[in-house]
Amino acid sequence: MIEFVLLAFGLFIMLFGALGLVRFPDVYTRLHATSKCDTGGAMSILLALAVSVNAPLLIRLKFVLLAFLIALINPMLSHAIARGAYKRGIKPKVVVDMYGGGNP
Amino acid sequence: MGRVHFYLKERIEDVKRRVLYESYEAMKLPPWERVAITWVVLFTFWLLVAGWGDAVHLLIAAAVTLLIAVIMRDMLTEDIRGRGHLLVKSLHIFLFVVPQYLFIMAFRLIESNLRVVRNVILLDITPGIVKIEADLYSDTGLTILANSITLTPGTLTLDVEKKLGKAYLYVHWINVETLDGERAGRIIKGDLEEWLKKIFW
Amino acid sequence: MAEENFLVTLRYAVWFLVFTAAVVSYRVVFGPTLADRVVALNTATTKVVVMVAVLSVVLDAYYLLDVAIVLLMVNAVGGLIIAKYLEVGR
Numbered sequence: 001m002i003e004f005v006l007l008a009f010g011l012f013i014m015l016f017g018a019l020g021l022v023r024f025p026d027v028y029t030r031l032h033a034t035s036k037c038d039t040g041g042a043m044s045i046l047l048a049l050a051v052s053v054n055a056p057l058l059i060r061l062k063f064v065l066l067a068f069l070i071a072l073i074n075p076m077l078s079h080a081i082a083r084g085a086y087k088r089g090i091k092p093k094v095v096v097d098m099y100g101g102g103n104p
Numbered sequence: 105m106g107r108v109h110f111y112l113k114e115r116i117e118d119v120k121r122r123v124l125y126e127s128y129e130a131m132k133l134p135p136w137e138r139v140a141i142t143w144v145v146l147f148t149f150w151l152l153v154a155g156w157g158d159a160v161h162l163l164i165a166a167a168v169t170l171l172i173a174v175i176m177r178d179m180l181t182e183d184i185r186g187r188g189h190l191l192v193k194s195l196h197i198f199l200f201v202v203p204q205y206l207f208i209m210a211f212r213l214i215e216s217n218l219r220v221v222r223n224v225i226l227l228d229i230t231p232g233i234v235k236i237e238a239d240l241y242s243d244t245g246l247t248i249l250a251n252s253i254t255l256t257p258g259t260l261t262l263d264v265e266k267k268l269g270k271a272y273l274y275v276h277w278i279n280v281e282t283l284d285g286e287r288a289g290r291i292i293k294g295d296l297e298e299w300l301k302k303i304f305w
Numbered sequence: 306m307a308e309e310n311f312l313v314t315l316r317y318a319v320w321f322l323v324f325t326a327a328v329v330s331y332r333v334v335f336g337p338t339l340a341d342r343v344v345a346l347n348t349a350t351t352k353v354v355v356m357v358a359v360l361s362v363v364l365d366a367y368y369l370l371d372v373a374i375v376l377l378m379v380n381a382v383g384g385l386i387i388a389k390y391l392e393v394g395r
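Chains as they are written, first to last, in the numbering used here: chain Y, 1 to 104; chain X, 105 to 305; chain R, 306 to 395.
Hints may contain errors.
[What the hints assert, rightly or not] A few chain X residues that face chain Y, going by a derived Cβ cut-off under 7 Å, partial list only:
id, residue
1, Val145
2, Thr148
3, Leu152
4, Gly155
5, Thr230
6, Gly232
7, Lys235
8, Tyr274
[What the hints assert, rightly or not] Heads up, simulated DMTMM-like pairs for lysine to aspartate or glutamate below, C-alpha to C-alpha not over 25 Å straight-line:
id, chain 1, residue 1, chain 2, residue 2
9, X, Lys235, Y, Glu3
10, X, Lys132, X, Asp284
11, Y, Lys91, X, Glu265
12, Y, Lys93, X, Glu126
13, Y, Lys91, X, Asp228
14, X, Lys120, X, Glu137
15, Y, Lys91, X, Asp263
16, X, Lys267, Y, Asp97
17, R, Lys389, X, Glu117
18, R, Lys389, X, Asp284
19, X, Lys113, X, Glu126
20, R, Lys389, X, Glu126
21, Y, Lys93, X, Asp284
22, Y, Lys87, X, Glu126
23, X, Lys270, X, Asp158
24, X, Lys267, R, Glu392
[Unchecked claim] Across the chosen pairs, the derived CB separations fall in these ranges:
id, chain 1, residue 1, chain 2, residue 2, range
25, X, Asp239, Y, Phe68, 43 to 51 Å
26, X, His189, Y, Pro56, 45 to 53 Å
27, X, Glu114, R, Tyr390, 28 to 36 Å
Read the hints as simulated data drawn from the structure, not as lab findings. For every residue, glycine included, the Cβ atom is placed at its ideal position computed from N, Cα and C.
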């Protein structure tokens, strides 16, 4: 029963991550949506698979390893892309910017 | 503070950085412990990816990962600080610190996912980039802190800046509540940094 | 193999993930800047990794998990290189 709950939660979160990528106004807020929602949804679905599958222990540990690698790689990529986009000159739509313009 | 010459300022910065480095260098792990930790991590990864076969396979795996661990001992465990016996320390880390950290991060991740869902539906965002100060200084600790900040609700780390023995993080915040540095740091970091300061410096 | 009831659900879950990847591909095609396309491509690749992991259970072929791990690592290295290009190249 727990695997259905985890799978439904993961699919729901991944759908809203994709919708957030379409709806948000600029690159940085889109990165908010994709990094958090993809990490949470993918980890939830992979843990559901690891709980439910009838296989030797090695296969289950491989699902857990995949979830761990996603949780390690996804935030790193998101802030690498955010820093690169800021250095390229894409202006964020913000109310306060302490990164580029010195002290406000 | 009056005007300080440029070369003098660079010299003071250099001296301060060296004093900080040497004060933490005394608490470093000895080399064989670093080799042991790296070897255990690499051997576990090998077993997870390749599976455990017969004895010859395991022997080859142990030899190759031991060679890599001897060469690469500074890459993974250089920033871990601590005292005491290795077994007590590693048992304390893997039985108490890591599960508590994972427990905290799991609930933070669920909360941040639900908050993104609410923001997507309502679009009530006032984004801003704020600058906060981190108490950690090492590379590994700052990396894990930045990844944790990215996964907690409403924040995304943009860049890390280190100068004069202090580290600053630039954080893109989706609902700016305050502009003060210390209050923003307390709201954003929460109690994550206390857990990380038990292992890294 | 999982139990039968869950396997049927997983077949629909694969189609649902394909639908979310199609939603994301709007940003790949019509993104205003290059960074938007990069973000959307990384998101689509993560969804493909999850899809391959689900298919390895549905098809009962667990060697596909190695494919998923290698695809994830290639995604990481490629994303870092593109981020470096965004920073210095023009």
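- Of the hints stated earlier, which fail here? Structure breaks hints 1, 2, 9, 10, 12, 14, 17, 18, 20, 22, 23, 25 and 26.
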